[in-house]
Structures are given as C-alpha cells and as structure tokens.
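Using the sequences plus the hints, can you model the full thing?
Each chain, letter by letter, is given below.
2 protein chains.
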Amino acid sequence: MATEKWVFMVTAQTPTNIAVIKYWGKRDEVRILPVNDSISVTLDPDHLCTVTTVAVSPAFDRDRMWLNGKEISLSGSRYQNCLREIRGRAGDVEDMEKGIKIRKKDWEKLNLHIASHNNFPTAAGLASSAAGFACLVFSLAKLMNVDEDPSHLSAIARQGSGSACRSLFGGFVKWTMGSKEDGSDSVAVQLADEKHWDDLVIIIAVVSSRQKETSSTSGMRESVETSLLLQHRAKEVVPKRILQMEEAIKNRDFASFTQLTCTDSNQFHAVCLDTSPPIFYMNDTSHRIISLVEKWNRSEGTPQVAYTFDAGPNAVLIARNRKVAVQLLQGLLYYFPPKSDTDMKSYVVGDNSILKEAGLDGASGVENLQPPPEIKDNIGSQDQKGEVSYFICTRPGKGPIVLHDQTQALLDPETGLPK
Amino acid sequence: MATEKWVFMVTAQTPTNIAVIKYWGKRDEVRILPVNDSISVTLDPDHLCTVTTVAVSPAFDRDRMWLNGKEISLSGSRYQNCLREIRGRAGDVEDMEKGIKIRKKDWEKLNLHIASHNNFPTAAGLASSAAGFACLVFSLAKLMNVDEDPSHLSAIARQGSGSACRSLFGGFVKWTMGSKEDGSDSVAVQLADEKHWDDLVIIIAVVSSRQKETSSTSGMRESVETSLLLQHRAKEVVPKRILQMEEAIKNRDFASFTQLTCTDSNQFHAVCLDTSPPIFYMNDTSHRIISLVEKWNRSEGTPQVAYTFDAGPNAVLIARNRKVAVQLLQGLLYYFPPKSDTDMKSYVVGDNSILKEAGLDGASGVENLQPPPEIKDNIGSQDQKGEVSYFICTRPGKGPIVLHDQTQALLDPETGLPK
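Note that the protein sequences, when read in sequence, are chains A and B. Residue numbers for the first sequence follow this note's numbering, beginning at 64 and rising by one. Residue numbers for the second sequence follow this note's numbering, beginning at 64 and rising by one.
Among these hints, one or two may not hold up.
Pairs involving identical chains hold if they fit within one copy or between any two copies, as the list cannot separate such chains.
With a Cα cut of at most 25 Å, we get these calculated SDA-like pairs of lysine to any residue [unchecked claim]:
#1 205 - 242
#2 161 - 90
#3 358 - 277
#4 448 - 318
#5 167 - 262
#6 358 - 285
#7 358 - 278
#8 448 - 276
#9 358 - 340
#10 402 - 449
#11 298 - 340
#12 419 - 450
#13 205 - 478
#14 161 - 465
#15 461 - 211
#16 358 - 289
#17 402 - 447
#18 298 - 285
Note that these hints are calculated values from the structure, not bench results.
This is how it looks when you write it as structure tokens:
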C-alpha cells in the first residue's frame with residue numbers, strides 16, 4: 064500500500080455558534096468538561112463557517128495542517144486528542160472507482176493532510192475555534208467512515224475546543240455538562256432545528272478594539288481559580304436558566320428568550336470582572352450597543368432584540384423578525400455610520416439584502432437616517448465612526464454538511480497539498 | 064422669643080470617604096439599612112470635604128438650604144429624616160455673650176438655615192452626598208447641643224445617605240450593617256485613626272465620561288431586585304472579607320489590603336453588570352487604569368498600588384508610600400497627559416507638592432516622561448489625552464471638625480442668608 068500514489072479526501076463545512084446560555088469554566092482542563100450546561104444558536108454557514116478538507120494518502124509522510132493557508136503545528140494536545148479519538152473509531156473505507164481500499168487497522172499507519180479555512184476573519188473573535196474543531200472532527204469522521212451519531216462526535220470535538228461540540232448541529236443546541244469522569248456524557252444535543260424558529264434575524268457588530276484580549280482558555284481558568292461568584296452561577300443560577308431557555312425555545316417565546324439571553328451574557332461578563340486580575344471583554348462601544356437595545360426594548364414594552372457577547376467586544380444581536388431587524392440596522396447605522404471612504408456593501412456583509420429593505424442600498428442612505436424615536440440625547444449623539452468595523456447579517460442555520468463539489472476542496476486531489 | 068433678631072450658628076467641615084469593602088444594596092430602603100458591612104478610608108478634608116454652616120434664628124420663617132450657592136428643597140424624606148432625628152435629640156443651648164438661650168423644647172418651633180459647599184465638583188462623582196449628609200448631621204448636632212457620640216450621629220447621617228455614616232470618623236471606618244429592624248445598630252465605628260497608617264498616598268483620577276450615569280440609589284435598588292449574584296456576595300463573600308480587611312488594616316498589611324480592595328471593587332462592578340438592565344460605571348479609561356496597576360503590581364512581585372471605583376468611572380488609587388505614589392503619578396501622566404492648553408497645577412490638584420518630587424513641576428516635565436518599564440506595548444501607547452479630567456493627590460484624613468473661624472462661615476451672621 065505504501066507505494067501507491069492515491070489521495071482520498073473529504074471536504075466539509077461546519078457552522079459557528081453563539082451561546083445564549085454561556086459556557087464559562089472547566090471542571091476538567093484536559094478533557095474540557097464544563098462547570099455548567101450551555102445552549103447555543105447555530106449561525107447560518109452561508110455567512111459564517113469553516114470549510115475543511117481532510118485527505119489521506121500512503122504518500123504522506125506525516126500529519127500536516129494548514130489553517131487559512133498557513134501551515135500550523137498539530138502537536139498540541141487539543142489536535143492530538145481529536146486525531147487519536149477519531150482514528151480509534153475509524154472503519155473500513157472503499158472507493159471502488161479509484162480502487163482504494165483502507166481497512167480499519169490501516170488508519171493508524173496512514174498520515175493525514177488537513178486544510179481549513181474560515182469565511183470570516185479569525186481575529187474578529189467569532190468563535191473560529193468552535194467551527195474549526197467541529198469541522199475537523201466532522202470531516203475526519205466522514206473520511207474514516209466513523210459510524211457515530213453527531214452527539215458522539217460532539218464529545219470528540221469538545222476535546223479540541225469546548226464550544227465546538229455545539230457546532231455539530233444546526234438550529235438550537237444544548238451542551239450537557241454530564242457527570243462522568245471520562246467525559247463521555249458531556250455531549251451536545253439538538254433542541255430544535257433551524258426551521259423551528261425561522262423568524263429570527265441575527266446582526267453581528269464586529270467592534271474595533273484597542274486592547275489585546277485575554278484568550279477564553281486562560282480567562283476561564285483564571286475565573287475558576289479566583290472568582291467567588293462563578294461556582295454560585297454554575298450551581299445555582301444556570302441550571303434553572305437552562306430549563307427556562309429550553310422552554311422559551313420550544314415555545315418560540317421571544318420575551319423569555321431575550322430576558323434569559325441578555326441576563327446570561329451580562330452575568331458571564333460579571334464573572335469575568337469578578338476574576339483576579341479582572342477580565343474586560345466588553346468595551347465602551349459594547350456598552351453603548353447594550354444601552355441602545357435596552358432602551359428600545361423598554362420603549363416597545365415587549366422585547367424586540369436580544370444581545371449577547373462572547374469573549375470579546377462584538378455584539379451578537381438577535382431580532383425577533385425581519386421587520387425588527389430592518390429597524391435595528393437603521394438604528395445601528397445611525398449611531399455607528401461607516402467611515403466616509405467605506406462602501407456600504409463592505410460595511411454590512413452576509414445577508415445584505417436587508418440593506419435594500421432598510422432603504423440603505425443607495426449611497427446617501429445613511430446620512431438621511433433619523434435617530435430612533437425612543438433615544439433622546441441620553442446616548443451621545445455624535446457620530447461613533449470607526450467604533451464598529453463592520454456588520455454581519457445572518458440567521459439561525461444548519462449543521463455540518465459534506466461538500467461534494469470538488470472545486471470547493473482546499474487540497475489538490477493529486478498532491479494532497481493546499482491548492 | 065419670636066421678636067428677637069439674633070442668629071446663632073455653627074460651621075463644620077466633614078470629609079468624604081472611599082469604601083474599600085463596598086456597600087451595594089439596601090435591605091430597608093426607608094431606613095437605609097445595607098445588606099452587608101462595609102469599610103472605608105476617610106480622605107483628607109484639606110483636599111476633599113464639605114463645609115456646612117447651620118444657623119437658627121427666631122427670625123427665620125421656614126427651614127431653608129443652599130447647596131453650593133443654590134437654594135434647594137428640604138422636602139425630601141432624606142433631609143426630613145435627618146432634621147427630625149436631630150431635633151428630637153436637641154439639648155439646651157446658651158450663648159451668654161450674645162444673650163441667647165434656647166431650651167430643649169424650643170427647637171421644635173425654631174427654623175433653620177443651612178448652607179453647604181463642597182471643595183470639589185459635585186458632578187465629579189466623589190461621594191459628595193456622603194460628606195454632605197455627614198456634615199449636615201454633625202453641624203446640626205453641634206448647633207443643637209446633641210449629646211451623642213459619633214456612632215449615634217452616624218445612624219442619623221445614614222438616613223440621609225448610607226455612606227454618609229462612615230464620614231463621621233477619620234482614618235479607617237467600618238459600617239456595621241446591624242440586625243435590628245429600627246436600624247439603631249446600623250452604625251459606623253472607627254477601626255483606626257488616620258495616623259495609624261500614614262504612609263498611604265491616594266491619587267484620584269477624575270475620568271471624563273460621555274455616558275449619563277445611573278444614580279447609586281436607583282442602581283442598588285435594581286441590583287437588589289434583579290441580580291442573582293448580589294445576595295451571594297452579601298451573605299457569603301463580604302463577611303469573610305470584612306474580617307480579613309480589619310486584620311489587614313490593623314497590621315498595615317498592604318498586600319492583603321490591596322488584594323481585598325481590588326477584588327471587592329471588581330465584585331461590586333460585577334454585581335452592577337449582573338443587574339437587569341446592566342449598569343456600567345467603569346469605562347474604557349477605568350479599564351486601562353486597572354490594567355496599568357495590575358501589570359505594575361505583578362511586575363513588582365508585591366502589590367504597590369490598590370485601586371477602587373465607586374459608582375462612576377473615577378479611579379481611586381492607594382499607593383503604599385510616597386515613593387510609590389511619585390512613580391504612579393509619573394506613569395499616569397505618561398499615559399494620560401494633560402491637553403496642551405492645560406496647566407500642570409490645575410491638572411494635578413490637592414497635595415501637588417508631589418509634582419516637584421516627580422520632577423514634573425516644570426513645563427516640559429510630562430513630555431520627557433518615559434513609559435513605565437513593565438508596560439510594553441500591551442496598553443495602547445498612543446496618548447490618551449482628555450480621558451482624565453484631572454488628578455487629585457490626597458491621603459487618609461481626619462474626621463469632622465467645627466470651624467471656629469467666622470470667616471469660614473457660609474451664612475451671614477446678621478441675616479442668616481448666604482454670604
């Protein structure tokens with residue numbers, strides 16, 4: 064087999080996700096077992112996703128990986144754990160057309176090439192590691208004919224990056240913390256698919272930041288070690304919220320969904336602040352966006368928009384429907400207009416058909432925007448140009464899929480090297 | 064008596080204070096009874112204080128008050144509670160020189176004029192109500208010959224503004240929450256006077272803010288009603304910290320003092336963030352100052368500076384000694400230089416003799432400052448001009464005193480009206 068020259072490969076796409084009940088704190092650093100359950104919404108992979116091609120060939124002399132075109136080391140324990148677990152579950156593979164036959168026991172001897180690409184900036188703090196590890200595990204499982212359901216795969220992806228386990232499903236996903244020491248019951252399950260609640264529209268404000276951020280890995284370690292509020296949150300607060308959030312999602316109860324999403328985001332950031340030294344992920348722009356949304360929700364009497372922030376200043380805003388999203392975008396662009404040399408189509412990306420509905424597809428749209436009526440002069444009325452880098456419009460989306468179109472593969476089918 | 068024309072008056076000065084274990088949350092809104100004990104440092108009244116003149120005369124037709132030169136209403140329950148409590152404890156007063164004799168029972172019929180002035184901007188968020196109510200109660204007690212010790216007076220001042228009770232003493236002060244329903248045991252006591260630990264130097268950065276802040280009264284009410292972390296803090300965290308802080312103060316243990324002060328400030332702000340809607344008192348400038356201090360403390364191995372923030376973005380920085388304070392001020396001025404048209408003596412106020420020690424009394428001092436060695440380019444190296452309005456240099460200070468010099472009185476001794 065070692066002299067053969069074939070390359071066998073699979074390309075897959077996996078979504079990113081945003082937690083609405085947050086994961087913050089591990090009870091086991093090695094196995095990545097959390098201190099509480101969490102719930103997320105999967106984001107539409109059309110706008111935010113990772114594409115990964117995994118290839119195997121007897122010609123490969125070692126495991127190699129390229130992330131966004133640059134070769135990176137696979138020696139870290141997170142990659143090694145995922146590779147080991149997947150290899151241990153590999154099955155027989157046969158491609159009659161190409162005359163390839165790999166038996167279960169061959170996988171231990173074969174080397175892999177992996178190429179991965181995010182369709183959004185890695186540095187933007189948009190859970191790239193979640194989509195990345197989920198896509199690695201999903202594509203390898205397909206390549207190696209691993210006969211496991213997505214929940215079992217999620218327990219493997221979890222060992223690469225905790226939140227990656229939630230990217231194995233579309234729609235609304237719960238990561239159950241589990242209780243077993245080996246982590247085998249710390250898996251993700253789908254609560255509802257993306258069609259269950261398809262009114263929702265998501266707008267992400269990618270916020271500019273001067274400050275270098277604490278990584279979520281070291282941040283949550285420091286919180287576990289020093290915050291006197293974290294355990295109380297994990298044991299007393301989150302379990303009730305998880306039940307309430309499951310109900311809210313089941314019933315498409317936007318008021319409860321918003322109340323839980325916002326308070327849980329704020330409590331996660333409160334625990335960060337209660338850490339020693341304190342961790343600040345949100346900045347003044349994040350705070351201004353929260354004030355904007357809170358004021359609007361109060362003026363409407365019933366919540367229109369939920370907000371949530373991960374380990375960075377970016378705001379993820381979930382509007383109850385398309386009409387609300389149009390108004391939201393108008394308000395956001397009024398307060399955070401693009402710099403004068405920025406084209407609107409590059410300032411609002413993703414599903415930017417919403418720009419037309421907002422009457423903002425023309426050049427002069429933003430300048431004619433009126434301040435939202437509920438906002439008097441409480442929030443500084445001066446322009447906050449440059450505070451937001453850009454907006455991404457998206458929605459709840461589907462889970463991982465295999466991309467059968469070979470033109471989407473990131474590795475050359477002959478050489479197994481990046482295209 | 065009603066036809067007599069005499070005016071009898073007393074002028075007093077009362078310090079402000081900064082909590083190092085924070086008060087946040089009332090268990091009784093009317094009596095102002097807190098959910099936990101708190102500990103504060105009294106600030107030197109030479110730099111931050113309230114001066115109040117209280118006058119009584121049979122010629123006054125109603126109670127009146129002027130705050131910083133402007134007449135204000137006394138009808139609020141906070142003023143009424145203080146006036147009622149003090150009047151109820153009034154004694155006989157006799158001024159033989161002026162031929163004035165007021166008997167205990169006369170006080171109910173006599174009206175008061177009160178003039179109060181802060182020697183710092185009220186809007187700067189520097190606990191002006193604490194000094195103000197403490198000074199009101201202290202000066203009235205002197206005027207009316209109230210025979211009560213400062214702890215008893217503190218229980219009256221508490222009903223004007225919770226933290227005011229701690230301004231009845233100099234040095235280091237504990238406000239015991241008490242357990243009685245009538246609040247009679249919710250009083251302040253002195254832990255140590257200002258001479259006990261006179262190495263400490265305090266630098267306050269008055270931070271510019273665009274955002275209108277939530278008042279502490281409504282903020283703490285909302286926290287009590289909505290934060291799921293507040294009760295845990297009050298019941299489980301603070302009691303231990305109070306004991307540790309008392310030990311740290313007793314032993315002048317700066318490392319413990321700093322650790323407790325910083326973590327408690329951060330936890331108070333964490334509870335604010337856990338409130339619904341969330342309350343943000345600190346802004347990006349506050350965060351930058353914290354990062355600066357945390358980095359410095361870590362690089363030195365042992366804490367040099369403690370920070371604490373009240374219900375606003377201003378940083379109160381406590382340096383372990385004068386030498387450290389000089390270095391701290393140099394670092395602060397490097398990162399937050401004055402605007403080019405600002406004179407250094409108006410940018411660093413209070414005890415600005417420290418400017419000379421820092422080599423910054425000349426015009427070109429700031430431009431020649433070098434970045435602190437422990438700070439590489441982690442914190443944005445560009446100038447943060449305008450982010451800090453000014454600095455106040457001060458130290459732990461003494462409690463309330465009567466000012467006998469009539470030129471310091473704020474009311475005219477003939478008319479009883481503001482000078």
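Note to self: When the structure is checked against the list of hints, which entries are broken? Sort them ascending.
What the structure shows: Violated: hints 1, 2, 4, 5.
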